[in-house]
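Visitor: What follows is the residue order along each chain.
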Amino acid sequence: MSVLAADPTYETFVLNMGPQHPATHGALRVKLVMDGEYIVEAEPVLGYIHRMHEKMGENRTYHQYLPNPSRLDYLSAMACTHGHVATVERAAGIAVPERAEYLRVITVELNRVSSHLLWLGAFVLDLGGFTPLLYAMDDREQILDLLERVTGSRLTYCYFRFGGLYNDVDDDFVDGARALVKRIRDKMPMYHNLITKNVILRQRLEGIGPISAEMCRKYGATGPVARGSGIPYDVRKHEPYSVYPEFDFDVPVYEQGDSMARYLVRMDEIEQSLRIVEQGLDKLPEGPVMAEKVPKIIKPPKGDYYCAVEAARGSFGIRLVSDGTNTPYRLKLRSPCFSNVSLFGEAARGLLLADAVALFGSLDLVIPDIDR
Amino acid sequence: MSGYFREVYDGCKSLLVGLGITFRYMIQPVVTLQYPRQAVKMAPRYRGHIDLIPDAEAESGNKCIACGMCQRNCPSGCITLKSEKPEGAKKKVLTGYRLDFTKCSLCGLCVESCPTNALDFSKEYNLAGLQAENFVFDLLKRCEERRR
Ligand code: SF4
Ligand code: SF4
Numbered sequence: 001m002s003v004l005a006a007d008p009t010y011e012t013f014v015l016n017m018g019p020q021h022p023a024t025h026g027a028l029r030v031k032l033v034m035d036g037e038y039i040v041e042a043e044p045v046l047g048y049i050h051r052m053h054e055k056m057g058e059n060r061t062y063h064q065y066l067p068n069p070s071r072l073d074y075l076s077a078m079a080c081t082h083g084h085v086a087t088v089e090r091a092a093g094i095a096v097p098e099r100a101e102y103l104r105v106i107t108v109e110l111n112r113v114s115s116h117l118l119w120l121g122a123f124v125l126d127l128g129g130f131t132p133l134l135y136a137m138d139d140r141e142q143i144l145d146l147l148e149r150v151t152g153s154r155l156t157y158c159y160f161r162f163g164g165l166y167n168d169v170d171d172d173f174v175d176g177a178r179a180l181v182k183r184i185r186d187k188m189p190m191y192h193n194l195i196t197k198n199v200i201l202r203q204r205l206e207g208i209g210p211i212s213a214e215m216c217r218k219y220g221a222t223g224p225v226a227r228g229s230g231i232p233y234d235v236r237k238h239e240p241y242s243v244y245p246e247f248d249f250d251v252p253v254y255e256q257g258d259s260m261a262r263y264l265v266r267m268d269e270i271e272q273s274l275r276i277v278e279q280g281l282d283k284l285p286e287g288p289v290m291a292e293k294v295p296k297i298i299k300p301p302k303g304d305y306y307c308a309v310e311a312a313r314g315s316f317g318i319r320l321v322s323d324g325t326n327t328p329y330r331l332k333l334r335s336p337c338f339s340n341v342s343l344f345g346e347a348a349r350g351l352l353l354a355d356a357v358a359l360f361g362s363l364d365l366v367i368p369d370i371d372r
Numbered sequence: 373m374s375g376y377f378r379e380v381y382d383g384c385k386s387l388l389v390g391l392g393i394t395f396r397y398m399i400q401p402v403v404t405l406q407y408p409r410q411a412v413k414m415a416p417r418y419r420g421h422i423d424l425i426p427d428a429e430a431e432s433g434n435k436c437i438a439c440g441m442c443q444r445n446c447p448s449g450c451i452t453l454k455s456e457k458p459e460g461a462k463k464k465v466l467t468g469y470r471l472d473f474t475k476c477s478l479c480g481l482c483v484e485s486c487p488t489n490a491l492d493f494s495k496e497y498n499l500a501g502l503q504a505e506n507f508v509f510d511l512l513k514r515c516e517e518r519r520r
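So the sequence lines, in the order shown, correspond to chains H and D.
FYI, this note's numbering numbers position 40 of the first sequence as 40, with every residue one higher than the one before it.
FYI, this note's numbering numbers position 15 of the second sequence as 387, with every residue one higher than the one before it.
Quick caveat, the hints were computed from the structure, so don't treat them as lab data.
In this text, all values refer to a predicted model and were calculated from it rather than measured experimentally.
Some hints could be false.
Stated by the list, open to error - Residues of chain D clear of chain H, computed beta-carbon distances all greater than 10 Å: (1) ARG417; (2) VAL465; (3) GLU496.
Unchecked claim - If you only want the chain D side, here are some residues facing chain H, beta carbon under 10 Å, derived: (4) ILE393; (5) ILE399; (6) TYR418; (7) SER448; (8) ARG519; (9) ARG520.
From the three backbone atoms N, C-alpha and C, an ideal C-beta is built for every residue, glycine too.
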């Protein structure tokens, strides 16, 4: 507790934001100590939807855990499953055919665009603008339809398998993805005119909720939050996995560290992801999408393995400790949102309540990813 | 002072641009469907709950050999099989296939693990009910009904 809040002569009150609050987009409670409209202290209270995913990992076989990662960050489920299969593949030494790797990258990036579009709509909705949500949802719907055609589901994909993919894509997917890239690219100027240049949005975001690079390092924040504070960290560039080294894309970085910077990072990332999708479609090799010899029962050799991927919200990593049996000894999930929410308490100090909502939205938190 | 007017001018302009965009959207074709009066067409690969595929050639009406792979591989334990070995017969016969859809995560591991490809996904998505029992399906019965 800060000195101010502890002083009995100083009048503060406690306000609960959540666990059921439209701006938290899930069951997250933030305990706020308020001095009038200003936040003296903010403390996120986690655990309302804790589902023991790590424990489940320990008592299920490797295959049986496949549906779980997509329930963590359900908005970028592809990236989470990618992290899981990549870790197990690294542990068990399974090689993945090139076509499968390309398709993984394409679907993950499409998923990232859909995730950012949803964030865009919800974020602006938090700030009081309803209309952009509908437009963003319309575009996101096209991506979901496309992914549904190949994966069979709309959100919790479970599309990747150890050693490849659940099934191959057809020409319609390739054409559809190309049309989609064009569609969203054409829409981006509209979003910038409608949202980015809007004077109300600018005034609500610029200079609000500054997060320093120092703070990001302290709390382990990654993804657009860190990149909005001038840290050019992206797992795809720094610890390349899959076939990312073969793609030409930039990592958008903004120095300001305010909510606007994080907003702009994500907007630029949509464009970069579209670039990756486009290159992936151009380069997509022929061949199988599943490795030939994948054991039915996976028993990685004893050891400690870690693999991280860049999910839509930052670095998602899985640490796998294997004792040589058919279930992991330990499966630790490093979720980006957990680190990103940790800095909220410090960053929100001294902010107006309404500005804290803007800061909160700009962190792009997915609650099931925090609680796991 | 000039900064103030500049701000007012920029503000008005951004609002007008926004209004122009929403106006253009307003006169565009409607993108939503009037569910439930209009139905969404499901993609061929859409994963609904699992179903036994009717097989006209097989005596039992389906391809299941009651091996139990699906039951063993299901991460959530939604599948309960019943089978018996009739007197004199060589193979087991499936007598009951119960799917508890309340726990199913639609991962498709059962479908993939089936050695005889006896399972597929149904295209049903209009599932709503007030009781958990509404989501417990007898797949054998469903298969019989589909065969008829
Ligand atoms: S789809 Fe997955 S969870 Fe559902 S019954 Fe099959 S194996 Fe079990
Ligand atoms: S895996 Fe296939 S054949 Fe075996 S019990 Fe299940 S449905 Fe029947």
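Visitor: How about ARG520 of chain D: closest beta carbon in chain H under 10 Å, or not?
Guide: violated (27 Å)
Visitor: Taking the closest Cβ pair, is SER448 of chain D under 10 Å from chain H?
Guide: holds (8 Å)
Visitor: Please confirm whether GLU496 of chain D is truly not at the interface, meaning its C-beta sits more than 10 Å away from all C-beta atoms of chain H.
Guide: Its Cβ never comes within 10 Å of chain H, the nearest being 13 Å, so this holds.
Visitor: Should the hint that ILE393 of chain D touches chain H count as held when the rule is a Cβ pair under 10 Å?
Guide: Because about 5 Å separates ILE393 of chain D from the closest Cβ in chain H, which is inside the 10 Å limit, the hint holds.
Visitor: For the hint on TYR418 of chain D, just tell me whether its beta-carbon gets within less than 10 Å of chain H.
Guide: holds (6 Å)
Visitor: With d taken as the least Cβ-Cβ distance between ARG417 of chain D and chain H, does d exceed 10 Å?
Guide: violated (4 Å)
Visitor: The hint names ILE399 of chain D as touching chain H; please verify it with the least Cβ-Cβ distance against 10 Å.
Guide: Not OK, violated: ILE399 of chain D not within 10 Å of chain H, min 14 Å.
Visitor: Does the CB of ARG519 of chain D sit less than 10 Å away from some CB of chain H?
Guide: Violated: closest Cβ of chain H sits about 24 Å from ARG519 of chain D, beyond 10 Å.
Visitor: Any Cβ of chain H at or closer than 10 Å to VAL465 of chain D, or is the non-interface label fine?
Guide: With a cut-off of 10 Å, VAL465 of chain D remains clear of chain H, as the shortest Cβ separation is near 26 Å.
Comparing the model with each numbered hint stated earlier shows that hints 1, 5, 8, 9 do not hold.
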